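Peer 1: In order, the protein sequences belong to chains F and R.
The letter at position 82 of the first sequence is residue 82 when you use the UniProt record's numbering, and the numbering goes up by one with no holes.
The letter at position 201 of the second sequence is residue 201 when you use the UniProt record's numbering, and the numbering goes up by one with no holes.
None of these hints come from the bench; they were simulated from the model.
Treat the hints loosely; a few may be bogus.
Same chains, same label: a pair holds when it works inside one copy or across any pair of copies.
[As the list claims (entries may be wrong)] Lysine to any residue pairs mimicking SDA-like chemistry, simulated, CA-CA at most 25 Å apart:
1) 28 to 76
2) 261 to 235
3) 370 to 265
4) 28 to 94
5) 261 to 154
6) 28 to 67
7) 28 to 60
8) 28 to 356
9) 28 to 95
10) 261 to 230
11) 28 to 87
12) 87 to 139
13) 28 to 61
14) 28 to 70
15) 28 to 64
16) 28 to 63
17) 28 to 75
Only a predicted model underlies this, so the values are computations on that prediction, with no experimental measurement involved.
Number of protein chains: 2
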Amino acid sequence: MSLTQSFASRASRMTASEIRELLKLLDKPGLISFAGGIPDPALFPAQEFAAAFARGLAPEQQAQSLQYSISEGYLPLREWIAGEMAKIGVPCTVDNILITSGSQQALDYLGKLFLSPGDTALVGWPTYLGALAAFNAYEPRYDQLSVSGNRTAASYVAGAEAEGGRVKLAYLSADFANPTGETLGQQGREALLDMTEELECALIEDAAYQALRYDGEAVPPILATEIARRGSIEDCRTIYCGSFSKTLSPGLRLGWVVAAKPVISQLVLMKQAADLHTATLNQIAVHDVASRVFDSHVETIRTAYRQRRDVMLDALSAHMPDGVTWTRPEGGMFIWLTLPAGLNGADLLERSIDSVGVAFVPGSAFFADKSGENTIRLSFSCSDEAQINEGIMRLGQVIRGA
Amino acid sequence: MSLTQSFASRASRMTASEIRELLKLLDKPGLISFAGGIPDPALFPAQEFAAAFARGLAPEQQAQSLQYSISEGYLPLREWIAGEMAKIGVPCTVDNILITSGSQQALDYLGKLFLSPGDTALVGWPTYLGALAAFNAYEPRYDQLSVSGNRTAASYVAGAEAEGGRVKLAYLSADFANPTGETLGQQGREALLDMTEELECALIEDAAYQALRYDGEAVPPILATEIARRGSIEDCRTIYCGSFSKTLSPGLRLGWVVAAKPVISQLVLMKQAADLHTATLNQIAVHDVASRVFDSHVETIRTAYRQRRDVMLDALSAHMPDGVTWTRPEGGMFIWLTLPAGLNGADLLERSIDSVGVAFVPGSAFFADKSGENTIRLSFSCSDEAQINEGIMRLGQVIRGA
Numbered sequence: 001m002s003l004t005q006s007f008a009s010r011a012s013r014m015t016a017s018e019i020r021e022l023l024k025l026l027d028k029p030g031l032i033s034f035a036g037g038i039p040d041p042a043l044f045p046a047q048e049f050a051a052a053f054a055r056g057l058a059p060e061q062q063a064q065s066l067q068y069s070i071s072e073g074y075l076p077l078r079e080w081i082a083g084e085m086a087k088i089g090v091p092c093t094v095d096n097i098l099i100t101s102g103s104q105q106a107l108d109y110l111g112k113l114f115l116s117p118g119d120t121a122l123v124g125w126p127t128y129l130g131a132l133a134a135f136n137a138y139e140p141r142y143d144q145l146s147v148s149g150n151r152t153a154a155s156y157v158a159g160a161e162a163e164g165g166r167v168k169l170a171y172l173s174a175d176f177a178n179p180t181g182e183t184l185g186q187q188g189r190e191a192l193l194d195m196t197e198e199l200e201c202a203l204i205e206d207a208a209y210q211a212l213r214y215d216g217e218a219v220p221p222i223l224a225t226e227i228a229r230r231g232s233i234e235d236c237r238t239i240y241c242g243s244f245s246k247t248l249s250p251g252l253r254l255g256w257v258v259a260a261k262p263v264i265s266q267l268v269l270m271k272q273a274a275d276l277h278t279a280t281l282n283q284i285a286v287h288d289v290a291s292r293v294f295d296s297h298v299e300t301i302r303t304a305y306r307q308r309r310d311v312m313l314d315a316l317s318a319h320m321p322d323g324v325t326w327t328r329p330e331g332g333m334f335i336w337l338t339l340p341a342g343l344n345g346a347d348l349l350e351r352s353i354d355s356v357g358v359a360f361v362p363g364s365a366f367f368a369d370k371s372g373e374n375t376i377r378l379s380f381s382c383s384d385e386a387q388i389n390e391g392i393m394r395l396g397q398v399i400r401g402a
Numbered sequence: 001m002s003l004t005q006s007f008a009s010r011a012s013r014m015t016a017s018e019i020r021e022l023l024k025l026l027d028k029p030g031l032i033s034f035a036g037g038i039p040d041p042a043l044f045p046a047q048e049f050a051a052a053f054a055r056g057l058a059p060e061q062q063a064q065s066l067q068y069s070i071s072e073g074y075l076p077l078r079e080w081i082a083g084e085m086a087k088i089g090v091p092c093t094v095d096n097i098l099i100t101s102g103s104q105q106a107l108d109y110l111g112k113l114f115l116s117p118g119d120t121a122l123v124g125w126p127t128y129l130g131a132l133a134a135f136n137a138y139e140p141r142y143d144q145l146s147v148s149g150n151r152t153a154a155s156y157v158a159g160a161e162a163e164g165g166r167v168k169l170a171y172l173s174a175d176f177a178n179p180t181g182e183t184l185g186q187q188g189r190e191a192l193l194d195m196t197e198e199l200e201c202a203l204i205e206d207a208a209y210q211a212l213r214y215d216g217e218a219v220p221p222i223l224a225t226e227i228a229r230r231g232s233i234e235d236c237r238t239i240y241c242g243s244f245s246k247t248l249s250p251g252l253r254l255g256w257v258v259a260a261k262p263v264i265s266q267l268v269l270m271k272q273a274a275d276l277h278t279a280t281l282n283q284i285a286v287h288d289v290a291s292r293v294f295d296s297h298v299e300t301i302r303t304a305y306r307q308r309r310d311v312m313l314d315a316l317s318a319h320m321p322d323g324v325t326w327t328r329p330e331g332g333m334f335i336w337l338t339l340p341a342g343l344n345g346a347d348l349l350e351r352s353i354d355s356v357g358v359a360f361v362p363g364s365a366f367f368a369d370k371s372g373e374n375t376i377r378l379s380f381s382c383s384d385e386a387q388i389n390e391g392i393m394r395l396g397q398v399i400r401g402a
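The shape of chain F in the complex, shown without the other chains:
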């Protein structure tokens, strides 16, 4: 048996990312892309980072910034995060915080911590594709996380036991979720906490887009609601995953986890075994930039993305044929379209790229069961007003002709 054959069964756990393949198309000249879902690089606080990296590499800092450091993460950065978390209703200490290499790493570690083959993970239909990719490595069974109250804890348990496992975690992005752009209201958050309490499972709150609210009233993080119920983060099942990727820079790979200390202690051991720590200099520089300009910079991004969202919503109203519906996100980067039944998002993408040069992501990529064939995800984060108007007009033409 060859070496390749010997790990073929392990490889089949992971699905190649359809988004990743799509990104290769974005180089096509003249293409208008609503596919990416990445931050606009023109909005990076680049001057601030240049100054911060220079300070981090000043002679008196080099022995620290280029050296190994502790797995928990750079203490001043954890202190700054603790201060930010307190502002949104999550009182905690630095011991409740682990710095990760992006929140994607947190999802991998949480999958490793909680999931054994055959265990059940509850995820949205649709949900963040990267969460499925991270969890897939640990071979869970997926069940549909319902936030509409039409599933009981008992039905989840019965489904999990029928497969010989237990429900180990529920995962969701509660604010301006990728891919739908939707936000879960307070009542839904309370119901979810009731459900995970009954299921005795972890609740992973992916807060990657939480800071990017453009209008409407902020809903407290699920973790804040659970702390309000229980009195202390130490009694909470919710595990909050934050990220600097959408606010400061994705390329520096900086995220964090906030949870009860026993959870953080396990994740610290896991991180130590898996990559020792997140790059020291990056943590120092992100702390530097965040502590100087975080609020003002996020306000700048919000203003830019809010306008793009508004332009896209107006363009959709102007150009989409009857039978197409879409979400109206209060933040984030995404609008989610439902096409008339019978239309297939993947087929539409192929036609759209070929005939009108417009890209997006077919929605079925975000469904653990590969349903949602008649849905597509549009991102407005990286396009200007003219591109959005032109691209949505063309997309309307393609859908009409489909």
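Dock chain R against the given chain F, drawing on the hints supplied.
Peer 2: Okay, now just chain R, sitting in the frame of chain F:
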């Protein structure tokens, strides 16, 4: 059942790092530490990094350096690595290379790729503690990798099958290994290749210290030997893990894997699911520094560490009592002491810190079976001549009195 209880069994897979706890002692004033095994920060190419990060964050670079990038790693860095690998007998292309967040991450991914609970991993007795930590998460059984030829493939298979698994990988650092400082000769490498071929298992070559040779003849990498046998890297079982941590900077977390394309393809998917990619800016800056000063900088480090090794070897000859033996490494950072039978390294450490203020790592930490009680690891990388002479003299006193 509480959330904490629900993952207690998973947690028991990992052992808390004894080295990590030890590092906390190093703040004790006046302590002479031979424990760390980390590079001397005075030898970081810090000015070069300051200039490289400034270039990486120049206005025309920001949209790339702060943005998401591909999971495989920054192409110019992989090209540079391919050139370096060719120089040491490993012809390969960029498609044979994955950039990782330190070689520790490569060990984690390789554990994830190859090991299922009950599978057998062959490791040295002793071996790198971080390899055990990385593999432990995947619950292997360990067997002793013998390089002296006193174990047959059949005996490994029989041991693995008795536990219901298969031998999936052999792991070793062949040059100036952590913790022993020893180098495996060409004959041993050939025998190891024969063995892993017979076992049909992967062979992980941890080359973290390979560039740090101070004297003697360089032995070709195991991967080079296997390529010479088979004609192409695509037919090889050896997986080579490189690192910039010991040559340029550990804090930037940059390493790489070189292997046959099917292995790299699997690791790329794994990395994409686990943390998307290693920080873009760090890859750009390390490529910048490496392509400008790698050879001259490594020569500078070699000169400094060579002298410290020589001072420590001389001091050991002068101050160790009869019955203590030690390795004479041709490179790396470590000397491995064997104490008279009956002496316990962990007990000695406690006494040594308390009575003479000298730290080191007890050898049993590096044994999968926790044997090796009468061994200790000394690092000479971070101490000057006076500290080494004084510290070894004091250590000799403590051993005499033990």
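Peer 1: Can you list which hints this structure breaks, lowest number first?
Peer 2: 5, 11, 12
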